[in-house]
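Participant: Given next are the chains, with one letter for each unit.
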Amino acid sequence: MSHEWPLWEVFIRGQHGLNHRHVGSLHAPDAEMAIRHARDVYTRRNEGVSIWVVRSSDIAASSPSDKGPLFEPANSKIYRHPTFFKIPDEAGHM
Amino acid sequence: MYAQMVRTDSDGVKSLDEMSPQERAFQERIDRGEKIEPKEWMPEAYRKTLVRQIGQHAHSEIVGQLPEGNWITRAPTLERKAILLAKVQDEAGHGLYLYCAAETLGVSRDELLDKLHSGKMKYSSIFNYPTLNWADIGAIGWLVDGAAIMNQVPLQRTSYGPYSRAMIRICKEESFHQRQGYDIMMKMARGTPAQKAMAQDALNRFWYPSLMMFGPSDKDSVHSAQSMAWKIKINTNDELRQKFVDQTVPQAEFIGLTIPDDKLAWNEEKGGYDFSEPDWSEFYEVIAGNGPCNRERLGARVKAWEDGAWFRDGLLAHARKKEGRRAAA
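Chains as they are written, first to last, in my numbering: chain E, 8 to 101; chain F, 166 to 494.
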């Protein structure tokens, strides 16, 4: 029985000036092959100008069950949003 | 549909009152249209059903390359050959998106492939029919990909995030497949009488197997209700089959081909066509492994997997050796 190739997460920059975005994953023996496979699997229609691959096992992720406590601090700070402040129209565009 | 008769391990749909608090919260998220993501809690039956459904869907994409691959070297022109190559490559890509989605549910790629190769998991019945001539390639793109699209478009809204995202990618690419098939049929139907006869013959052979792709009639489909409650199935088999017939009949008429069904007739009252059911005993035979090409298709998959083992192992050994050298340096 042969061994499964490791899993890689694939990130593609769609156009110059945009961030790389996660598009999916694939199996490959090493980083170089992962990039070649990503080209064939995820950019058959000019979807990208740049590819990043990262071993899935190297990604640290927040846990879904921590979602509440992790993001709660942001909920109460509505003054971070510009619409919190009422600026009179006479002050002009701000 | 690329997945047929997926078991759900449930004895009917529970009402919210019968559910545990955890199950109930889960069902309410689905009812609100929220997506379920890989590491979140989910009922074990939901997870298992999805593995079966996405796995079967992935296997169908991969095995689906075989009937068309048969004609890559025999395509009538270089352009048709290049197009068919691109289409078959897309099918491989679709299989890979779906395997990755299934793997987020805690099953490995090798386990899925083992189950395909040992016959424990199925692929769509449609790929057990032979491609006898070039017109069959047209019929497959037009009818088989057309039927697949019917099913996959609503599945873009399915409740499981990775499956939904795979479906969105697939749907973007699939319409090329159907159009290239119809383009072949159009060309042949407008060609010489012999070419037109080939196109008609392909339609005759692929019509009922295409109708079978949607699975048995709703009244015989025991798992639909649970799958629909979980939003891993959006429409019933009969709804999709009806939509497919209504869409396809005018397309056949437009190119002067005849749907092989004496009972086909427009029904003004329901706003759709009445049509004959496929022979379901044939469907169950094909699903049981006794279709015209079951052994050949599975044999080709197993051979490709076994013949490629030394190569997969070689690449991995090379990668480990390089890694070892880098660590030592």
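Treat the hints as calculated values from the structure; they're not laboratory data.
C-beta atoms are modelled at their ideal positions from N, C-alpha and C, and glycine is treated no differently.
Incorrect hints may appear among the rest.
[Claimed, not checked] Per the computed footprint, the stretches of chain F lying under chain E, defined by three or more beta-carbons under 8 Å from a beta-carbon of chain E, are: (1) 257–267; (2) 270–277; (3) 478–488.
Participant: Going through the earlier hints one by one, which of them does the structure break, listed in rising order?
Facilitator: none
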